[in-house]
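Undergrad: Produce the complete structure using the sequences and hints provided.
Chains as they are written, first to last, in this note's numbering: chain A, 8 to 122; chain W, 151 to 279; chain L, 241 to 484.
FYI, nobody ran anything at the bench for these hints, they're computed from the structure. You can trust all of the hints, since none of them are fake.
Computed cross-link-like contacts, DSSO-like style, restricted to lysine-lysine with a CA-CA straight-line distance of at most 27 Å:
{"id": "1", "chain 1": "W", "residue 1": "Lys-215", "chain 2": "A", "residue 2": "Lys-52"}
{"id": "2", "chain 1": "L", "residue 1": "Lys-381", "chain 2": "L", "residue 2": "Lys-422"}
{"id": "3", "chain 1": "L", "residue 1": "Lys-335", "chain 2": "L", "residue 2": "Lys-401"}
{"id": "4", "chain 1": "L", "residue 1": "Lys-360", "chain 2": "L", "residue 2": "Lys-381"}
{"id": "5", "chain 1": "L", "residue 1": "Lys-477", "chain 2": "L", "residue 2": "Lys-363"}
{"id": "6", "chain 1": "A", "residue 1": "Lys-52", "chain 2": "W", "residue 2": "Lys-201"}
Residues on chain A that point at chain L, a partial pick, calculated with CB under 10 Å:
{"id": "7", "residue": "Arg-12"}
{"id": "8", "residue": "Gly-90"}
{"id": "9", "residue": "Ala-97"}
Stretches of chain W that chain A covers, calculated by requiring three or more beta carbons in the stretch to come under 8 Å of a beta carbon on chain A:
{"id": "10", "stretch": "179 to 185"}
{"id": "11", "stretch": "189 to 195"}
{"id": "12", "stretch": "199 to 207"}
{"id": "13", "stretch": "228 to 238"}
The beta-carbon is built from N, C-alpha and C at its ideal position, and this holds for glycine as well.
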Amino acid sequence: MARSRVVHWYLQRITGALLLLLLVMHFWVEHFMAGPVRKGELSFKVIRERISNPWMQGIDIAFLLIALYHGLNGLRNIILDFGWVNRWAARSITGALWVVGIAWAYWGITAFAKL
Amino acid sequence: MTNFVALAARKYGWRYSGMVAFVIQRVTGLALLFYLFLHVHTIHLLREPDKFDVALQQFRSPVFKLLEIGLLGTVILHALNGVRLTLIDMGVGVNATRQRQMFWYFAVGVGVVIFVAGAVPILVNTVLK
Amino acid sequence: MGTHVFKIARSGAAGLGQAYSVALEERMTVLDALFIIQRKQDPTLSFRCSCRVGMCGTCAMSINWQPRLACQTRVATLESETVHVGPLPHLPVIKDLVVSLEPFFEKWKKVRPALHAVNKGSKSLAVVRPDSEFGRQAQGKRDCITCGACYAACGIVGSSKRYLGPAAINKAMLRLLDPRDKAVDERLDAVDGEAEGVWRCHTQFNCVAVCPKGINLTDSIMRLKRAMLRPGQFHDKLRSAGGA
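TA: Structure, rendered in structure tokens:
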């Protein structure tokens, strides 16, 4: 019998580990990779240069999507821990969180597209 | 006559670490989710370079730098405690003593070290200038 | 030997409870003190107890805010001269220190705690050898006296009316692992519940800290969570046991 609930538990740990990795990478890229940022001279130009690289875009988008899954799944757990919800309500809340997640992801990804 | 602190310590002392870790994980998690919202909003400002550069200027102010340091602490706590939780879920140290040690020595102890390593340069280079 | 003040929560009395002074006698337990108070000072004090030796689980109550067995708690070990005694949290109070364990047992029943025997008509003993796989897995997990301390201590039980609680889940795990038991799917359904089951446990370890039998409940729950990645394994035991 396939059980989807264990998947969310499992993925929360996996996305957590991935986020740690991505975070360290992101931190290094933002604050140490390019010369200007090391001196604290972050500017629109520097960022645009970095984001024009499709690999960078890919990593950033992956970071956003993984963070959204992890964060919204966490929020879902908080809600479920209060036990106010019956099965139907739990499904609706999960659905609502998916909608929020997808909208948020779209909002984030379009930030790149506009450049 | 027991004073308030001793009373509170006794009331929560026996379930200190596991519960504290749980609450911290929840609170930092929600804070980070909120931060993500703000972050994506800021990145959207990239569409207009002049607006973005104005924002960047704001982010160099001491208040923002202090907030940034707060963010650093939040992320470190959440991440290290998360590592601890994943270890527990994998079967490492699933007993009352070990999990307490993992929390105070690893999540908090190592966390403070990393925090100081990160926060001091930020402070020195911006707020204290 | 000194006098201790027992601040006991009473039904209808607000605040930290009614204070009683008891002269400490050697090796006195909290239960001993309660009897002294009831017999000599206040016959209206209500509390439950039975065996007095830590076997039945009846006298579980909140002692200095920790769910413990009153008969197993020596006053001298409490390190304070004021002892706060109250009913177990998370359970409806009937009177003073007496709580109703009904919610606890409702959850207990949800996991079908009785053995659903594979060989119902068998006349021979269904032995669990200590060195068998089940014997080893169940080591230290079978001593539950359903005292309710873990249930009272759990932070999630405190916030959710639906969570089954550590004792029920531990029992479910024991039955799921037991090769003599065949009711696998019903129990999997019970512990896999989104709002009720293992997924509500967030490894707070309060239950482990208070269990008077030293059962590592969080370990049981954790093993079940990981076992859900391959729920078929519980059916394997039935196939391999071949009706042992």
